[in-house]
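**Student:** Two chains, each in its own frame: build the complex with the hints.
Sequences listed follow chains A and B, in order.
To convert, note that position 122 of the first sequence is 113 in this note's numbering; the numbers rise steadily by one, no gaps.
In this note's numbering, each number is its position in the second sequence, counted from 1, plus 416.
I should point out that these hints are in silico values taken from the structure, not numbers from a laboratory.
Don't take each hint at face value.
The following label-pair restraints were derived from C-beta to C-beta distances [said to hold, decoys possible]:
#1 B:Ser478 - A:Ala5: 48 to 58 Å
#2 B:Glu534 - A:Val94: 47 to 57 Å
#3 A:Gly109 - B:Glu534: 54 to 64 Å
#4 B:Ile501 - A:Gly147: 24 to 34 Å
#5 B:Lys506 - A:Tyr188: 46 to 56 Å
#6 A:Ala5 - B:Val602: 14 to 24 Å
#7 B:Ile501 - A:Tyr188: 49 to 59 Å
#8 A:Met(-8) - B:Ala605: 21 to 31 Å
#9 A:Val94 - B:Ser535: 29 to 39 Å
Covered, in the sense of this in silico footprint (three residues per stretch, anywhere, with C-beta under 8 Å from a C-beta of chain A), are these stretches of chain B [as the list claims (entries may be wrong)]:
#10 430 to 437
#11 564 to 572
#12 575 to 584
A short, non-exhaustive set of chain A residues, derived as facing chain B with CB atoms under 8 Å [to be verified]:
#13 Gly32
#14 Ser39
#15 Tyr42
#16 Phe48
#17 Ile49
#18 Phe57
#19 Ala58
#20 Asn60
#21 Ala72
Backbone N, C-alpha and C define an ideal beta-carbon position, used for all residues, glycine too.
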Amino acid sequence: MTILEFVGQYTYLAAVIFAMFRSVRLITVRRDMTSVFFTFGVASLLFSEFYWIAYEFIRPGTRMPFAANEFGEWALMLLMAETLTTLMRGRPKPPAIYLVCSVLFTAANTALWIGWTGEWLQDILTGIIMCYYLYRVIHMLYISGAFAKYDWTAAGIGSVVLLSLQAVIFFVPESFVPPLDLTCYVLAFSGDCYFLYRAFTAFRKKAHPDICVALSFAAEIWAEFMLYMSSGAFYGAALIICAVCLILKLRSISMEDGKT
Amino acid sequence: MIYAENILLCIAVPLLLSIIFIKGDARLFSASFLIGMSVCLISAYISGFLDLVTGMGVNDTSVFLSPIVEEIMKLLPLIFIIVLIEPEDKTMLITTVGIGAGFATFENCCYILTFGVESFSYVLIRGMAVGVMHVVSLLMLAIGLILARHFDVMSLPAVMGALSLSATFHGLYNLLVSSPGISSAVGYAMPVAAAAILYLPFRMMSRYASDQ
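One chain only, chain B, in its complex shape (with noise of 0.2 Å):
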């Protein structure tokens, strides 16, 4: 049996030692990444807890409640950085990115290891899915979160906005893929053309934290 514990070391050992030899950022997005794959993994524990508490069932609790834990975990890092460290959007951005890419691919390293490979179609769609999605639920979220701190209304309300955002948009896309059919492929297509919509208020906003 192969345990998660073990993939995330053998992908974290060459990136943390990577992280000494390079610089700025490339440093952060590498330790965002590893970041978002110990997040990955913290996760679903927390969802296998739940699915023994709820007693909801492995589909269920992955379509219904994983969502909600996973957007959570995911916010926590992004809080407590801009908490601590007040960052440069700039900074905000390669942080989110790094996160959720490194969310994605323990992910999918973990599913494809455990599940196997169906075909060689079915790794390419799954790969600009969920790794997409990941990385664009995460966007949604520093977008609304950088957005509430230029307008000065970086409060409760403002952060379970941004949070509600990325959580209905990641459960949107649990829920469809979860069925057969037409609502599978409009799941699938569903991260992509998000990153499409999202791509232009990223380059805005980039343009605008490099001005800064």
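Next up, chain A with everything else stripped away, as it sits in the complex (with noise of 0.2 Å):
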């Protein structure tokens, strides 16, 4: 484990538990469906979490079978959007094309993680959460007008670049790896960091709450993805980008009304 994995680790755990204390203090506050929805998928993020450190204090250095922990994410995922969805009732829906867009851009990195873990059951079942939580967040920053059109092509033409360039790492010579591979983190990293100014800037110019909602829960989605295709040092960074996201999407989930 790098110093970093090790930081980032222990940072995240840090804000998952803040994040726990806030959310259990929003239920008793506003008694909604927003709240406890979000609460619910902290406290199974908390757990999964838990696992993680004691697997890895027991087992170090192994890979992690399929185990508890991951329904602790598919239910962190799932939970997610239905803290999305109790925000967006009634609000309309968001063409066919971006449906379109979340199922291939989750098939496409379902198909990487095959490639990389061989774990065929696990990743699809993984990819299909993960493609309704995706299709959920474009739905938010469809109907919150957070994405201008030059956001979404950017967004597109990003994804379309940083997936081929993944695929290809399958098939050149050893030595081509490490630089593709370094320009494929610098792509991931540099999209997030966007989502991150994007939600920084909207908090900070006092935005309607759907939008500071919408660019957070991006912001995460993107770090979730990140999380999957890294390792080492980039592992450790990405869980301390997974971190600020929850802290912002505890304070986006806040600021709304709780009218559900």
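**Tutor:** The structure is reproduced here in structure tokens:
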């Protein structure tokens, strides 16, 4: 385990514990569906994190087989998607192309995960759940108007380039892998930094809560995809970004008026 | 050789008979206890099957897969009861504790009859750890479901959320006790600590249920 991985793991754990306490308080104050789903999600994440840490302690350096924490991660994604759903009731649906793009993006990612790990069933199930969550985030971005046309275009082109480069890595000679890998990391991290920049700007300018929610969730789901494609120090860095995104999500949810 | 089915029969018959003579909450608890024992037996069949199919080995299957199987199996009767009779919270809590206690009792009986007893202190530790763990993990699940029902958010994600809490807790316990040393000490202490933490929301929920 690298130092950055270690720091990332415990920063994320601290962020999850903080979010857990704050979201429980949110339920008692607001008593609405949004905060209940969000708190349930954070609780699943907390248990999943404990499981990871215990596993690293007991069986260091070995790959974890299909285990109970996988359930926690699936539940986290479903519950976060449901948190967004409670904010979108009665709002217009995006055109079908957004759904198609979500499916294609997740399918391509799932194919890469299978290529890396060989865990077919686990990766396909994770992919299906991630696809649902991604669609909800895209739906929120669409109805809140957080993304302008050039944002959608940039996100689309960036995703295609990133996934193509990752796929190319499987077929090129060994000597080409490190520079290509580095390019992928730079692209992925730049994308998330952009999402974070947009989210921070929205908070600073006191934008509509829906916009803050959409951008924080978008930054978080991009960071989730990054987690799945990273290893070593990059994984640690992605975990730190996830910790920041979780706090942003909590703050954006607290800004909503809880009228659900 | 002692078959698990024989142990189930021995414990189930007197309980079945007692159900005829008792009423109210006591009958509900005894019936749930029986369901818990049956669920334990079916879970053992499924875990055995998964061990053969995946080739993970008995130890890894019990550490990684059994918690998922057992928690899903314990969830099924609860979901069945919620969907079919929409019970009050009090009924649901009694059923939950009964299923958890039945599951833990049957598992402990089979374990001790199969592997024998190392020492009296080991029996006490096992009783306090496994026995409490099954009740606590199911209580977590039930409190999650009751909360979801109260906030009118009973849906697949909510059930999945509640299930993930109990499955991860159970999985964490199995993982910690699978390795000797400090991790097993933490693992054995975890259920009792969780029971102490859960006692407060459980009391609050029971009081709330009585007021309904």
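**Student:** Give a verdict on every hint.
**Tutor:** Checked hints:
Our hint of 48 to 58 Å for Ser478 (chain B) and Ala5 (chain A) is violated, since their Cβ atoms are close to 32 Å apart. Separated by about 55 Å at the C-beta atoms, Glu534 (chain B) and Val94 (chain A) satisfy the suggested range of 47 to 57 Å. Between Gly109 (chain A) and Glu534 (chain B) the beta carbons are some 40 Å apart, a value that contradicts the proposed interval 54 to 64 Å. Hint check: Ile501 (chain B) to Gly147 (chain A), Cβ distance near 50 Å, so the stated range 24 to 34 Å is violated.
Against the hinted window of 46 to 56 Å, the Cβ-Cβ separation of Lys506 (chain B) and Tyr188 (chain A) comes to about 52 Å, which satisfies the hint. About 20 Å separates the C-beta atoms of Ala5 (chain A) and Val602 (chain B), a value consistent with the hinted range of 14 to 24 Å. Separation of Ile501 (chain B) from Tyr188 (chain A) is about 53 Å and conforms to the stated range, judged on CB atoms against 49 to 59 Å. Met(-8) (chain A) and Ala605 (chain B) have their C-beta atoms about 26 Å apart, which keeps the hinted 21 to 31 Å range intact.
Here the CB-CB span from Val94 (chain A) to Ser535 (chain B) is close to 58 Å, at odds with the stated 29 to 39 Å. Counting residues of the region 430 to 437 of chain B whose CB falls under 8 Å from any CB of chain A gives 0; the rule of at least 3 is not met. Three residues within the 8 Å Cβ limit are the bar, and the region 564 to 572 of chain B against chain A gives 6, so the coverage statement holds. Under a criterion of three residues with beta carbons nearer than 8 Å to beta carbons of chain A, the stated coverage of the region 575 to 584 of chain B is upheld, 8 such residues being counted.
Against a cut-off of 8 Å between C-beta atoms, the interface hint on Gly32 (chain A) holds, since the closest Cβ of chain B lies about 7 Å away. Hint status for Ser39 (chain A) relative to chain B: holds, with the closest Cβ pair at about 6 Å, below 8 Å. The beta carbon of Tyr42 (chain A) is positioned within 8 Å of a beta carbon in chain B (closest approach about 5 Å), and the interface hint is therefore held. The beta carbon of Phe48 (chain A) comes within 7 Å of a beta carbon in chain B, closer than 8 Å, and the hint placing it at the interface holds.
Proximity of Ile49 (chain A) to chain B holds as hinted, the smallest CB-CB distance being about 5 Å (cut-off 8 Å). Contact between Phe57 (chain A) and chain B, as hinted, is supported at the beta carbon level, the nearest pair being about 7 Å apart and thus within 8 Å. Taking 8 Å as the C-beta contact cut-off toward chain B, the hint placing Ala58 (chain A) at the interface holds, the least distance being around 4 Å. A cut of 8 Å between beta carbons decides the hint on Asn60 (chain A): the least distance to chain B is about 6 Å, and the hint holds.
Below 8 Å, beta-carbon pairs count as interface contacts, and Ala72 (chain A) has one with chain B at about 7 Å; its hint therefore holds.
When held up to the earlier numbered hints, the structure conflicts with 1, 3, 4, 9, 10 and fits the remainder.
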